[in-house]
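Here is what each chain is made of, one letter per residue.
Protein chains: 2
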Amino acid sequence: MTIFEKSNYPLIDVRRHLETGPIVLVSSAWKGETNIMTMGWHMMMQFSPALFGCYIWAGNHSYDLIRNSQECVINIPTIDLASQVVAVGNSTGDKIDKFSEFGLTPVKSDMVNAPLIKECYANFECQLSDSNLVGEYGLFIWEVVMAHVAISVRNPKTLHYRGQGEFMVAGDKISFREDFKPQNL
Amino acid sequence: MTIFEKSNYPLIDVRRHLETGPIVLVSSAWKGETNIMTMGWHMMMQFSPALFGCYIWAGNHSYDLIRNSQECVINIPTIDLASQVVAVGNSTGDKIDKFSEFGLTPVKSDMVNAPLIKECYANFECQLSDSNLVGEYGLFIWEVVMAHVAISVRNPKTLHYRGQGEFMVAGDKISFREDFKPQNL
Chain A
-14 MTIFEKSNYP
-4 LIDVRRHLET
6 GPIVLVSSAW
16 KGETNIMTMG
26 WHMMMQFSPA
36 LFGCYIWAGN
46 HSYDLIRNSQ
56 ECVINIPTID
66 LASQVVAVGN
76 STGDKIDKFS
86 EFGLTPVKSD
96 MVNAPLIKEC
106 YANFECQLSD
116 SNLVGEYGLF
126 IWEVVMAHVA
136 ISVRNPKTLH
146 YRGQGEFMVA
156 GDKISFREDF
166 KPQNL
Chain B
-14 MTIFEKSNYP
-4 LIDVRRHLET
6 GPIVLVSSAW
16 KGETNIMTMG
26 WHMMMQFSPA
36 LFGCYIWAGN
46 HSYDLIRNSQ
56 ECVINIPTID
66 LASQVVAVGN
76 STGDKIDKFS
86 EFGLTPVKSD
96 MVNAPLIKEC
106 YANFECQLSD
116 SNLVGEYGLF
126 IWEVVMAHVA
136 ISVRNPKTLH
146 YRGQGEFMVA
156 GDKISFREDF
166 KPQNL
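Chains as they are written, first to last, in our numbering: chain A, -14 to 170; chain B, -14 to 170.
These are calculated hints, taken from the structure and not from any lab test.
Warning: the hint list may mix true and false statements.
A short, non-exhaustive set of chain A residues, derived as facing chain B with CB atoms under 8 Å [what the hints assert, rightly or not]:
#1 VAL154
#2 ALA155
#3 ILE159
Lysine-lysine pairs mimicking DSBU-like chemistry, simulated, CA-CA at most 30 Å apart [to be verified]:
#4 LYS103/B to LYS158/A
#5 LYS80/A to LYS166/B
#6 LYS158/B to LYS(-9)/A
#7 LYS166/A to LYS80/B
#8 LYS142/B to LYS93/B
#9 LYS142/A to LYS142/B
Computed from a predicted model, the values in this text were never measured in an experiment.
Idealized CB from N, CA, C, for every residue including glycine.
Pulled out of the complex, with its shape left as it was, chain A reads as follows (with noise of 0.2 Å):
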């Protein structure tokens, strides 16, 4: 497993490791129970603050804890971490504790109570800013309150989830660069 060394990270640059639509580890933490989640419903809606959106649904036994804390991790997994990601999106957190279960380290956060992991190149730590939306829509408003990243990956094979069991991996970058105006950049 690699041992990522991770830095703070700018928090007006955290589209870049989320726009392009990882399939995502939420970690949670509520009077003394943690648990992880997969999530790939999920999107960028404001630069700065950074916000960002997800689906979460009733029934998973992460959204209580979610819910009552007000809290998560994101973490962003990479392709040596796939049959964890299987594994968690395949189990319940109401029968396991799913850090151990599939040897996966919590590391304490620095401005949320959740945990970040420590198998993921990227965690950003969020607090809630609008659950208005929670109950028609399950759709969670958060604030990117803290992120740390390995800038070491510079293309992090990401998986993305096309249904039916099966993940795109994450392939090569390409730079157009030159063809942006500035302000688009």
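Given chain A's structure and the hints, the job is docking chain B onto it.
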């Protein structure tokens, strides 16, 4: 340029093409004018009816066309359209006709007035489902009402924006189908 043979596609499976987080081209029409914009901030929100949320900045020329018509088409480009994607995203429809300027072909939709983009392997016709969040968050919630997909494209080389003019190109597909619980597929 590949000419795709597209079929009507089950709406329940739209997520298989959008959940991976590709850059999309949004086509719109209002009072005889059409336009195209690039978009990367979007997410699935419901399976059935298929709901899809996206952020559209009020400064985009497409914003008024979309807001007034309450319709759009979400078109998914692949890497062979990369230069067009960049050109569309770095120009404004108040000065040019992006279809003719960038060699993209408008095709009549079945259920909305906005045209499909022929050169994209997948086109999703959308009607506005909820505009309550447009004011505060620029968040449009769409119902996908008709889907056209070239199902011969098994592993579309979609583009995923990393910021700074860089894209990740969709890579290999891997299956963990046998590790999923049937109800999670």
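Assess, step by step, whether the Cα of LYS142/B is no farther than 30 Å from the Cα of LYS93/B, and give holds or violated.
-> holds, 25 Å
Hinted pair LYS158/B and LYS(-9)/A, Cα distance within 30 Å | Holds, at roughly 28 Å.
Quick one, is the ILE159/A hint okay against chain B at 8 Å, beta carbons?
-> holds, 5 Å
Quickly compare the C-alpha distance for LYS166/A and LYS80/B to 30 Å and report which way the hint goes.
-> holds, 16 Å
Starting from LYS103/B, check that the Cα of LYS158/A is at most 30 Å away, please.
-> Holds: LYS103/B and LYS158/A sit about 26 Å apart, inside 30 Å.
Does ALA155/A meet its interface restraint, that is, does its C-beta lie within less than 8 Å of any C-beta in chain B?
-> Since the shortest Cβ distance to chain B is 5 Å, the answer is holds.
Is LYS80/A close enough to LYS166/B, meaning Cα to Cα at most 30 Å?
-> The given pair, whose Cα atoms are some 16 Å apart, holds under the 30 Å limit.
Can the hint on VAL154/A be confirmed by a CB-to-CB distance to chain B that is less than 8 Å?
-> Holds, because the Cβ-Cβ distance from VAL154/A to chain B comes to roughly 5 Å (cut-off 8 Å).
30 Å limit on alpha-carbon distance, applied to hinted pair LYS142/A and LYS142/B = holds, 15 Å
No hint from the list above goes unmet by this structure.
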